[in-house]
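Chemist: Next come the chains, spelled out residue by residue.
Protein chains: 2
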Amino acid sequence: MRIGVDAMGSDHAPGVEVKGALAARFLVEAGDQIVLVGDEQAIRQHLDDADWADFIEVRHADQTIGMDEAPVEALRSKPDSSIAILAQMHAEEQVDACISAGNTGAFVAAAQMHLRRLEGVHRPGIAVLTPTFHGPVAVCDVGANVNCRPQHLQQYGIMASVYLTALCGVENPRVGLLSIGEEDAKGNSLVKEARELMKSDERQNFVGNVEGRDLFGGACDVLVCEGFVGNVVLKVIEGMSAGVMHGLMHELIQALPDLAEEIEKAGTDLMTKYDFNEYGGAPLLGAGGICIICHGASDHRGIMHAIAGARSLATHGVNERISELLSADKRTAHA
Amino acid sequence: MRIGVDAMGSDHAPGVEVKGALAARFLVEAGDQIVLVGDEQAIRQHLDDADWADFIEVRHADQTIGMDEAPVEALRSKPDSSIAILAQMHAEEQVDACISAGNTGAFVAAAQMHLRRLEGVHRPGIAVLTPTFHGPVAVCDVGANVNCRPQHLQQYGIMASVYLTALCGVENPRVGLLSIGEEDAKGNSLVKEARELMKSDERQNFVGNVEGRDLFGGACDVLVCEGFVGNVVLKVIEGMSAGVMHGLMHELIQALPDLAEEIEKAGTDLMTKYDFNEYGGAPLLGAGGICIICHGASDHRGIMHAIAGARSLATHGVNERISELLSADKRTAHA
Chain A
1 MRIGVDAMGS DHAPGVEVKG ALAARFLVEA GDQIVLVGDE QAIRQHLDDA DWADFIEVRH
61 ADQTIGMDEA PVEALRSKPD SSIAILAQMH AEEQVDACIS AGNTGAFVAA AQMHLRRLEG
121 VHRPGIAVLT PTFHGPVAVC DVGANVNCRP QHLQQYGIMA SVYLTALCGV ENPRVGLLSI
181 GEEDAKGNSL VKEARELMKS DERQNFVGNV EGRDLFGGAC DVLVCEGFVG NVVLKVIEGM
241 SAGVMHGLMH ELIQALPDLA EEIEKAGTDL MTKYDFNEYG GAPLLGAGGI CIICHGASDH
301 RGIMHAIAGA RSLATHGVNE RISELLSADK RTAHA
Chain B
1 MRIGVDAMGS DHAPGVEVKG ALAARFLVEA GDQIVLVGDE QAIRQHLDDA DWADFIEVRH
61 ADQTIGMDEA PVEALRSKPD SSIAILAQMH AEEQVDACIS AGNTGAFVAA AQMHLRRLEG
121 VHRPGIAVLT PTFHGPVAVC DVGANVNCRP QHLQQYGIMA SVYLTALCGV ENPRVGLLSI
181 GEEDAKGNSL VKEARELMKS DERQNFVGNV EGRDLFGGAC DVLVCEGFVG NVVLKVIEGM
241 SAGVMHGLMH ELIQALPDLA EEIEKAGTDL MTKYDFNEYG GAPLLGAGGI CIICHGASDH
301 RGIMHAIAGA RSLATHGVNE RISELLSADK RTAHA
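Protein chains in written order, with the working numbering: chain A, 1 to 335; chain B, 1 to 335.
Do not take every clue at face value.
No distinction is drawn between identical chains; accordingly, a pair holds when it is met within one copy or between any pair of copies.
[Claimed, not checked] DMTMM-like mimics (lysine to aspartate or glutamate), calculated; alpha carbons at most 20 Å apart, straight line:
| id | residue 1 | residue 2 |
| --- | --- | --- |
| 1 | Lys265 | Glu251 |
| 2 | Lys78 | Asp68 |
| 3 | Lys19 | Asp48 |
Just so you know, these hints were derived from the structure itself, not from any lab.
Based on the sequences and whatever the hints tell you, model everything.
Modeler: Written out as structure tokens, the structure is:
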């Protein structure tokens, strides 16, 4: 398997990407290769002393899309950007998967443009594994699709279930629909319509509406929501975990000043346990290929786990299983 | 001033409401009165030994709307419910403010029906003060309006600013619009249109898009969002603060078992510091009266602070100031 990595994506590119690729060597199968796409000279600086030639290939890209650029416009004006070249290489089967920690919107747009969608899929959605004390919850969509229709949400439940079963071994995952109350009458019209579709859908184990607070209480294994809400929730969690953690540490250190060191260590351990870098990136489920999105602030472990994640998606035939379940949807009304 | 309290709303009604009303005595002005609306017999049981007759009045209501009832239907089928009677009493000026910890949707619908809106207001919105390490942030709307238009969001920025200035003394509060990226191009169409309106609005200090993670980083004093998203965010914060806290405590106690007691105490102290019961309920801004919504799980302190909050809204002329700023909007296009 050949896995393409956008070497220019993360906040500390390309060092993080190169280091992550090198570290992934023993997490993939013998014979697998990594293709690093980006500024060749910059990439090679980080490869200097390593023994990499049989495992890593470098593919030069002249341009880079910045984090703050408007996705579609950037993609059009930068056909030689690492993201555009990577998606095109995947479409031409020069690689079997692609990974980027760069501009998510541009990566999603590039995937749409070059890879299209799996048969029957209305809109791809990004699934993120969110650590909770009851185990990881797959939240989908977290930002690929901010114009959701009920059918899109319905399919997110199925796709994220396939993903969670394949990667985490959760059998028959419980699918919840993010809403503002558990009752049928609660929510906006999108949620109410999606609920009706999901209730009667035998391809997923739908358990009903789930409120934001229940995400951490073990109410479901898959949480379905439209991309705007999902992205907001993800970032609230991110901001808050740091905030609460620092608040509690501060409080404890004030109360127990002699133990400042031990308290700080325990906090650091906990942060590590729930660090997004341990979670192997977020797949764009439903895309006509394997596309993994990493956090912009990823370190080399984030890239390394994403490479292993891309491998797992292929090994477990996640896309094939999604196609099998959704291809029948092709015949339903325009969604 | 006469402040009406739905005595049947909270999870532990009417005990919590009665105790909260009694405790509020020294937080309001001499001559103020509380009217408890609900099952008279049940209310009186909790008033037994107290010296209350000059401060509290009981108004019987035959019916109660449950937390899980569909708001509008419940309101229609239960005209003698405590919520319906309370809103009607406010409309007839038998009370000057009303408070409920019950079914939020029903309370909002009752306010719409009996109290209408302040001049120029398109849709009322619920504002909640969210504690952060940089001070409280007023988030508006958190659930009154799940069919938001751009003009509604624009007005939420103004109304929540007036509220925050009046109650927390924050001068010229910085208003952020909750989105999924700071750039103009990010967000859904609602957010993009609202952003344009807010940018050129001289009645508020608009600072642009704010992401979920920045809510805790001091990026703004007022955070504007549509009701579905706001409600989800609020509940994610609620679920998560409990979750992260317990996780960290667990980790710390494992690392430092001899200090279990001290660690638990520090955790409890922190939870108290950020307890919603300390925050005096959430006003339905823009309603044609003073309506305060309390958390269903409120204890007597939550009710007590809500009573003081209702007093403050009146004292500071929050509604008058909102009318002054928004009455011109009456002439703008249908929103």
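Chemist: Between the shortest in-copy and the shortest cross-copy C-alpha distance, which are at most 20 Å for lysine 265 and glutamate 251: within, between, both, or neither?
Modeler: both (15 Å within a copy, 10 Å between copies)
Chemist: How would you label the pair lysine 19, aspartate 48 (within, between, both, or neither) given a Cα cut-off of 20 Å?
Modeler: Within one copy, since 11 Å is at most 20 Å while 72 Å is not.
Chemist: If the cutoff is 20 Å on CA atoms, where do lysine 78 and aspartate 68 land: within, between, both or neither? Let me know, please.
Modeler: Answer is within: at 14 Å inside a copy they meet the 20 Å cutoff, but 53 Å across does not.
Checked against the numbered hints given earlier, this structure breaks none of them.
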